[in-house]
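Enquirer: The lines below spell out each chain.
There are 2 protein chains.
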Amino acid sequence: MSEELLELEEARSILLQAAPTGGTEARLLSDAMGCVIAEEVVADRPIPPYDRAAMDGYAVRAADIAAASGVSPVAVTCAGEVLPGRPWPDVLRPGTCVAIMTGAPVPRGADAVVEVEATQTGQWTTYGEVHFSAPVQPGRNISPCGEDAEAGQLLLEPGAELSPQVCGLLALCGHTTVTVYRRPRVALLSTGNEIVPPDVLPSPYQVRDANRAIIMAVLAQYGFAPTLDLGIVRDDTGDIRAALERGLKCDVLLTSGGVSRGTTDLLPQVLESLGVSCLFNGVATKPGKPLWAGIAPGGCMVLALPGNPLAVLVHMYEMAVPLLRRMSGHSVPVLPLLSATLTEGISVKGGRLTLQPACVEGGGEEGFRATPLPSHGSADLVGMARANGYIFLRPEKKTWAAGERVEVRAW
Amino acid sequence: MSEELLELEEARSILLQAAPTGGTEARLLSDAMGCVIAEEVVADRPIPPYDRAAMDGYAVRAADIAAASGVSPVAVTCAGEVLPGRPWPDVLRPGTCVAIMTGAPVPRGADAVVEVEATQTGQWTTYGEVHFSAPVQPGRNISPCGEDAEAGQLLLEPGAELSPQVCGLLALCGHTTVTVYRRPRVALLSTGNEIVPPDVLPSPYQVRDANRAIIMAVLAQYGFAPTLDLGIVRDDTGDIRAALERGLKCDVLLTSGGVSRGTTDLLPQVLESLGVSCLFNGVATKPGKPLWAGIAPGGCMVLALPGNPLAVLVHMYEMAVPLLRRMSGHSVPVLPLLSATLTEGISVKGGRLTLQPACVEGGGEEGFRATPLPSHGSADLVGMARANGYIFLRPEKKTWAAGERVEVRAW
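Same order as they appear, the protein sequences are chains A and B.
So for the first sequence, the working numbering puts the first residue at -1; every next one is plus one.
So for the second sequence, the working numbering puts the first residue at -1; every next one is plus one.
Hints listed in this document are in silico derivations from the structure and should not be mistaken for laboratory results.
On a predicted model such as this, the values are computed, not experimentally measured, just so you know.
Beta carbons are placed, not taken as given, at the ideal position from N, Cα and C, and that holds for glycine.
There may be inaccurate statements among the hints.
To be verified - One-sided excerpt, in silico: chain B residues whose CB lies under 8 Å from chain A:
| # | residue |
| --- | --- |
| 1 | 24 |
| 2 | 27 |
| 3 | 161 |
| 4 | 169 |
| 5 | 177 |
| 6 | 267 |
| 7 | 409 |
Unchecked claim - Covered stretches of chain B (chain A as the covering partner; in silico rule of three or more C-beta atoms under 8 Å from a C-beta of chain A):
| # | segment |
| --- | --- |
| 8 | 4 to 18 |
| 9 | 65 to 79 |
| 10 | 233 to 244 |
| 11 | 250 to 262 |
| 12 | 393 to 402 |
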């Protein structure tokens, strides 16, 4: 392993460029939030589908009340009421108006809607006379048929992300399912002689597996889920090989442990013996230097994470989530960093990008504040419990003062 | 309805203060991400549970190599190898060392671990002599038993949020389930004579229901899900009453439509006839002025959203999500706003807080940029499709210039 480590961004670029594009699948709209659309979505009818009242009020002929003023209001006969879903059967005759509710079709002949609040009494009359004390611009409070989109208009192209309002637009166009880029199938594997599952009572020199819990939690945050949990294997070439062979049938294989320089760090050699090509081995981050990435002949992307929990956490955010997002069709797979003000000074050894656990607070006009949290190192889950982010301390510097702006990843 | 509208923040405070605290429930750790812990979590054993090697290297007695230098390295006999999970059976005798892998128990008698890279050859030897070319500080690269937490130490208190690393810590302590504040059961209802489900072919004056799709998508973004979907009811007092009676058995009832001033806006009066106390009726936002909130005798919180999709969207983020988070035990239920630079100037009518759909990009050192998106109004889902946020345009001003800082909600 060369000591010429790749920078985080460089390693990530290599990883993302190697990632194959997935196929597509139909998903229920109610389960597609955050997915990326893989079809063209066209309006099946105009939007809105008819001249639609945008306010509760009276549909009028603007010409009828052109002379209205506060001093001499114009009285118009109210011929009835138009409710949503039920069109007015006739053309609105001159000298008449109809009460109309938001969303209802504007009668033919009417060319404006006057809000009920803008009539002289401000109260509803559905029969009798309505007094208007001001003229109205033709078109006011009417959303004309096809204003937002014509029938047949292309509304969404492949690559659009399913945000809440895109889900709404799809429903409006009659979709209950939508074709999206398939989310990758993810296999998980923990390695280590000393590791036991959380529900097993460890012997004095064993520790329970925290890494799969961390990995699953980060996956869940971004709408992903493991499809194959391979559990824990010992640091044994045969056991590791058998587990990896199963995992490589998925689209992404995430492992933890076994990628450092120790005699029990067998992952890279077993992966390579299975034909997985190394994309990089090691990145210049602290924590998280031992990170091995590769691509299997069948296209499975392998991210062999270190064994220490904080290292797992940062590479889930910096590497795994961008990889999964890229493979799910996201055009901007890397999640943006926030900018925050340091509440206290901090010094680090430097040399590598330090990802310092922090408590990130605030936001809005005053901006975010980041407070570095003390930690005993990259295995210290207790010290990290209060963190909700980490600070990027770039290798160009070793000391930052309180009040300096830093970039943070927060969750 | 008085025209003295509450400001958004004021209305939200009233809503959150009225929200009852939910009960608690046990959840699988793998399904608890984002929930709030409702129990005390205690370390069942020291963390780490033994003196743990923090690096791959050689466990030594520091005194043995105190005189080592590059010019006169000190040779120490390597007595073997300690792997994770298997303790060294003896006390390390003076003049000897053992190869040790990260995570393995440090032998009794050893008081430091020298990284393999720091030995003279930089290569592994598990038997024979190892040459050390520098002294080592006692304690180096050893995480002592109990350094992070003593057995019995309180690690997490009720109120802590389940972040990925807290999930890891729980797993480390043997949890496969965790007691959390119960997530509220949410009922959904759409209202409107003209509204049909997305899978029904609408007649010319009907429109498909977009609002439930929007509501479900925002719920999914924050880990919530509807437990009761009441579908769509017509603007009919009896039908609405029957649906509301069912919905009020949940913890939260979210409706859309029927809360404005029209003759078909029946929700407030039917809700009040069912004993639901009004918390507020209307907020000073554009869109989203018609918003009715109340609390039922049984404790169900009712948020009667307007019928226009953009109004639904903003009140899901500004009101519903904070309400659900508060009821789920979050101490800071309101989601923070980001700060962004306007890429172009914008003018609004003013008078109320305007929530302007926008495309939010950038982040990190350069900060976020917000571009207002043109829209035909609060029913225009087509214009909103490209948005991934909205800008807060406060009522104190009517015009903002390109380059001004504004607050944004982004998703």
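Enquirer: Run every hint past the structure and note whether it holds.
Expert: Do the hints match the structure? See the list:
| no. | hint | in the structure |
| --- | --- | --- |
| 1 | 24 | 14 Å, violated |
| 2 | 27 | 6 Å, holds |
| 3 | 161 | 6 Å, holds |
| 4 | 169 | 4 Å, holds |
| 5 | 177 | 16 Å, violated |
| 6 | 267 | 14 Å, violated |
| 7 | 409 | 6 Å, holds |
| 8 | 4 to 18 | violated (count 0) |
| 9 | 65 to 79 | violated (count 1) |
| 10 | 233 to 244 | violated (count 1) |
| 11 | 250 to 262 | holds (count 5) |
| 12 | 393 to 402 | violated (count 0) |
In summary, the structure is inconsistent with hints 1, 5, 6, 8, 9, 10 and 12 from the numbered list given earlier, while agreeing with the others.
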